[in-house]
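Student: These are the residues of each chain, in order.
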Amino acid sequence: MDTVLSARGLVKEFKRAIAVDGVDIEVKAGERVALLGPNGAGKTTTLLMILGAISPDKGEVEICGVAQQGNRSKAAENVGFAAGYLPLAGEMKVREYLTMFGEIYGIPDPSKAIAEGLERFRIQHLSEAKGTQLSSGQRTLVGIVRAVLHKPRLLVLDEPTASLDPDVAGRVRSGILDLCADNGTALLVTSHDMLEVERLCERVLFLSAGRVVADGAPSEIAERFGREDLEGVFLHLADENYQHSDFPTSQHTDHIL
Amino acid sequence: MKTQHDPTTPLPPGAARSWLRMRAVSRRHAYVLVRSPHRLFDVTLWPLVDVLMFGSLASFVGTGNASGGKQAAGYLLAGIILWHIVYQSQIAVSTGFLEETWSRNLLNLMITPIREIEYVGGVALFGMAKLVIGVGLMMIGGFVFFSFNITSLGFAVVPIAAVLLLVGWAISLFVIGVVLRYGPGAEALAWGVMFVVLPLSGVFYPIDALPAAVRPIAFALPTTYAFAALRGVVDGEALDWSYVGIAAGGALVLSLLAFWYLVSMLKLFRRRGYVTRYA
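Chains as they are written, first to last, in the numbering used here: chain A, 721 to 977; chain B, 18 to 296.
Hints in this document: simulated from the structure, not taken from any laboratory. Cβ coordinates follow ideal geometry from the N, Cα and C atoms, glycine included. Some hints here could point you the wrong way.
[Unchecked claim] Sample of chain B residues facing chain A (criterion: CB under 10 Å; computed from the structure): (1) 24; (2) 29; (3) 34; (4) 38; (5) 116; (6) 289.
Extracted from the complex, chain B is given alone in its bound form (with noise of 0.2 Å):
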């Protein structure tokens, strides 16, 4: 017979008690968001502002061509909205970990049991709440001032968002390596690199448009697969599986690559006693 837990004392080790952990995580940085106002413009405003300024300029483009603005708007706004799945799921992870830093909470946390994929997966578990927020805001005001529904492009779209979500989060593993490594002062990497990722990986427009010197980057990057499949599907083709695979495979790679470079840098941050810029 199953006998109950005493919820006043310690689960065993296991998957509840690992649950319990990465919900604990999530529900710290809840409070943070919802105590600190001005963070909430990171899943509402700011979303709301790139949708009207892509798709402001989409019917400027598309002025005088009803189906050429019809395409732009697919582009920049599909483009936009899926965009902010890398971004929102990288910054929500990143800034979570900087959180801990900015609160010096750090040590405080690195001396309880919770283990690194248990804080990682308790950071991403909000940041997923976040990104419905901003990217469900995004679908809102894409469909009322611009008349456009993602939704319209169907399935196809959720292998996509899939391989941009473990992109973003990908990205932030690294960023979260780099400021462990060289302290705080990284930091401005965590908003930075995104701007470098956007325009090289063909957001909204072929990569071919970029300059024949940055092209061997955009062609390294999984996102460019990703948003070359989706351009495909907003001009009203099946999905490109291909370029899903690869961007999927890159994600997978670009992902242990991640995780590599965190761990060894933990090691590093362990060794060097890095904890103490903290305390």
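Looking at chain A on its own, in the form it has when it is part of the complex (with noise of 0.2 Å):
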């Protein structure tokens, strides 16, 4: 199987924490990987450098063989990426704010894949809303059709079903594993949800004070800490990655996300 995603030590230390300590990642074509630890793990700051929003202190992240650092635009363009937390221009109508990111990813005619994109997440109906007049729910989904546009060989999400209700984020991983089934993307997920995670990914990783400290699949993983699933595991490592921190008030996340 072809790598999509090679990260190597990635470390990143901001004013007196480290937030990333020597991360490897490595995901396979067609893989469905989550990245999984407490708050202030260093997820999301993983998750960046690894789509070049932030750069490492040291090593290295390449995306399908195009290394991240001096070829960002087109390491780019083999990935997508969604979080609940961001919104959409609030001007712009869905059809219109996903044709942009379309053309963006330099597709001149993105009406079929926004069709196809609407439809599979079941949001026809809000093609011609404003940024402004969607649930937070809504955006999610909106996000994650503009995130796959292009088809991505790599899709990657943050906190995707973070706030949603039972139904928009059972309506969000159909669709996800829809589209890696039909088109082979691997995806790289970060969530609180266990549950969600055992369904959506046959991988984990724990991370836990900016160090991967467990890989493998999420059964393997809680039996080897001993716990009956993954939940148990993470509030193990919660436990842990707070009593190990040096700086646990807001100091010592004013920069880890």
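Put the two chains together into one complex; each comes in its own frame, and the hints tell you how they fit.
Tutor: Written out as structure tokens, the structure is:
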């Protein structure tokens, strides 16, 4: 299987805190991987380094064999990103917003990709709505449609179902699973919903204090830590993370998401 | 035989793809302008207010002195119209970028393949459309209210306008760099910086009229030479190419410095993870 993401030795330090401390991640084509860990473990910083929005102090990232450093634009062609916390541009209608991003990804006529994406996530009726008229769940769905317009080989999602009701969260999950199955898209996702991770991902990476502390199938990891499920592992690591943290206050979390 | 590209798949790298991205960014800012009517004031009402104010001032100064009045009208109206080239080009690019921070769209853009130069090109392209509207209305206003026709100055105005356009873009790159470095709090600079450059550039008067202490700053600004050249043209003289040359050289140096500063601040922005300020 091709490797779509290879991140080696990623290190990121912000002021007095090390956010990411030597993280290695490899994701193969079509693989669905969850990046888990308690708040402040370095998940979002790792994702932003993979996406090229933050440059690592050490280490390197390759997307589909293209080094992120020095080739950000080319590497970005194979990645899509959506996060529950990212808003839509308020003055634009959904169709206009998606057209803009389709064109930025180099598609001269993205209308077909837009129609397919809206249909996949069952939000065709939102096509003419403005960003300001959408609920947070609808914004998330539109954000995911935006992220997959160009059929990326790697889809990165940061908390995609945070603050969504179970119905919409289910729609997001089934849409993502269909997409991965149809296009062979690899998935790298962060979530605090362990049940969702077990449904969505076949492999889990646990981060704690900026380091990968476990890598494997959800059931394997639960077994390795002597817990019943991923939630048990999560709570165990969160407790450990807190006890070992030098700066458990806001000072620590200023730049670590 | 050249095969036709399937428009539903991404274009190969090249000028066509860059153009597509620039056009996408331009159109995004067109939507912002059209759907936020108060922003239309920047390209309609405020430029007309400036024409009214400076035209009226010229009429008052020239009362009882026909030739002096005509000269004052020329200086003030030609000055303010060409000043708006610097102002509109600067503010269009600066606020175009700021719009991405206000709408928290910056991270969405930063993780796409769009290159920084394509983004700035797209915003500048739309800025040109705003510039044409704003300056066009000023020209019409000057003619209707004060019988001042800037086209009577001839093609000499064209190279001066080109230099001023470049200066406006250069200042905007500098402003974007400052906002990247210092965050949204620094955005006041987008508007404020022009109120510093305006009096120091001798837009309406020779810089001999400035206090001696600030003249060295005025001498260092390319806009000073562009407006000096403009006043010569208003006086009916031939275009002083030496002034235009100094202004163009200065504008080029300023652009290179601003570009270097922007690139440095963008690297710092990525290194320090400042994007989280906007997510």
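Student: Go through the numbered hints given earlier and state which of them the structure violates, listing their numbers in rising order.
Tutor: Hints that this structure does not satisfy do not exist here, as all of them hold.
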